[in-house]
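Just so you know, the sequences run in chain order W and H.
Quick note, the first sequence lines up with residues 17 to 128 if you use my numbering.
Quick note, the second sequence lines up with residues 1421 to 1531 if you use my numbering.
Derived from the structure by calculation, the hints contain no laboratory data.
The model shown is predicted, which means the values in this text are computed figures rather than measured ones.
For each residue, glycine too, the CB sits at the ideal point set by N, CA and C.
A portion of the hints provided could be inaccurate.
Facing chain W, according to a computed beta carbon distance under 7 angstroms, are these residues of chain H, among others [as the list claims (entries may be wrong)]:
1) Asn1451
2) Gly1462
3) Leu1463
4) Val1516
5) Arg1517
6) Glu1519
7) Phe1522
8) Gly1523
9) Pro1524
10) Gly1525
Some residues of chain W that are not near chain H, with every Cβ distance over 12 angstroms (derived) [as the list claims (entries may be wrong)]:
11) Gln30
12) Lys71
13) Glu72
14) Arg74
15) Leu86
16) Ala95
17) Gln97
18) Asp100
19) Val126
Listed next, the in silico DSS-like pairs over lysine-lysine satisfying Cα-Cα at most 27 angstroms (straight line) [to be verified]:
20) W/Lys73 / W/Lys19
21) W/Lys19 / W/Lys71
22) H/Lys1491 / H/Lys1473
23) H/Lys1423 / H/Lys1473
24) W/Lys73 / W/Lys33
25) H/Lys1477 / W/Lys87
26) H/Lys1477 / H/Lys1433
27) H/Lys1473 / H/Lys1438
28) W/Lys73 / W/Lys87
29) H/Lys1423 / W/Lys75
30) H/Lys1475 / W/Lys19
31) H/Lys1477 / W/Lys19
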Amino acid sequence: SQKIEQNSEALNIQEGKTATLTCNYTNYSPAYLQWYRQDPGRGPVFLLLIRENEKEKRKERLKVTFDTTLKQSLFHITASQPADSATYLCAPGGSTLGRLYFGRGTQLTVWP
Amino acid sequence: DVKVTQSSRYLVKRTGEKVFLECVQDMDHENMFWYRQDPGLGLRLIYFSYDVKMKEKGDIPEGYSVSREKKERFSLILESASTNQTSMYLCASSSVRDEQYFGPGTRLTVT
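Please build the complete structure, drawing on both the sequences and the hints.
This is the structure we're talking about:
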């Protein structure tokens, strides 16, 4: 069965630095991969989608890469701010019916 | 503004009760999903529906059933609630192979 691993449960960085979160997957060949942000007590919110034929995608301070050979996606937040503190979930997908397989998430804390 | 709403934010039920959780979306999405989220276990898919009256089991369907009689509404049913079903339940909807929009969640406690 599919296995989705995110690099660590928690990541703490200083404001202004770049946060890098890792998502690895096995037993799966997704057609795309999505990243979500989740704040405590709330539902996840979609951030970015990257397709298998795309190496990199950017949105404002966010950058996602997708390496289908390594079976890995990297999620970067540049010039991080305390407001970026949240849990970030990766979710490969691509089945005909459109379901996603969520990782357990990485809790990011950005301290001033 | 797109919206997924869930019938309750907090719910307390007794063991053995039948529990209905309802989800409504206003985006005309084909797909709807029910997840539960527990500390340390992440989001786990219970059931999803890709069309009216169509459903597929997710990873943890045992003890649950679903109903989708109208495109905008997807219900999760706990036939006989048990304490191990105490959890946060999240509903989501999406167009096929597109991003998912989540509701605010229902925190269910079964005593």
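Structure-based check of all given hints:
1. Asn1451: Holds - the Cβ of H/Asn1451 comes within 7 angstroms of chain W, reaching about 5 angstroms at its closest.
2. Gly1462: holds (4 angstroms)
3. Leu1463: holds (4 angstroms)
4. Val1516: holds (5 angstroms)
5. Arg1517: holds (5 angstroms)
6. Glu1519: Constraint on H/Glu1519 satisfied, holds at 4 angstroms.
7. Phe1522: holds (3 angstroms)
8. Gly1523: holds (6 angstroms)
9. Pro1524: Nearest chain W Cβ about 6 angstroms off; hint holds.
10. Gly1525: holds (5 angstroms)
11. Gln30: For W/Gln30, whose nearest Cβ neighbour in chain H is about 27 angstroms away, the distance exceeds 12 angstroms, so it holds.
12. Lys71: holds (20 angstroms)
13. Glu72: holds (18 angstroms)
14. Arg74: holds (17 angstroms)
15. Leu86: holds (22 angstroms)
16. Ala95: holds (24 angstroms)
17. Gln97: The claim holds: W/Gln97 sits with its nearest Cβ about 23 angstroms from chain H, beyond 12 angstroms.
18. Asp100: Holds: least Cβ distance 19 angstroms, greater than 12 angstroms.
19. Val126: holds (22 angstroms)
20. W/Lys73 / W/Lys19: It holds: about 23 angstroms lies between the C-alpha atoms, which stays within 27 angstroms.
21. W/Lys19 / W/Lys71: OK: W/Lys19 and W/Lys71 at ~22 angstroms, within 27 angstroms.
22. H/Lys1491 / H/Lys1473: holds (9 angstroms)
23. H/Lys1423 / H/Lys1473: holds (22 angstroms)
24. W/Lys73 / W/Lys33: holds (20 angstroms)
25. H/Lys1477 / W/Lys87: Satisfied, since the Cα-Cα distance of roughly 26 angstroms is no more than 27 angstroms.
26. H/Lys1477 / H/Lys1433: holds (24 angstroms)
27. H/Lys1473 / H/Lys1438: This hinted pair holds, its Cα atoms lying about 21 angstroms apart.
28. W/Lys73 / W/Lys87: holds (16 angstroms)
29. H/Lys1423 / W/Lys75: holds (23 angstroms)
30. H/Lys1475 / W/Lys19: It holds: about 23 angstroms lies between the C-alpha atoms, which stays within 27 angstroms.
31. H/Lys1477 / W/Lys19: holds (18 angstroms)
Hint check: no violations occur; every hint is consistent with the structure.
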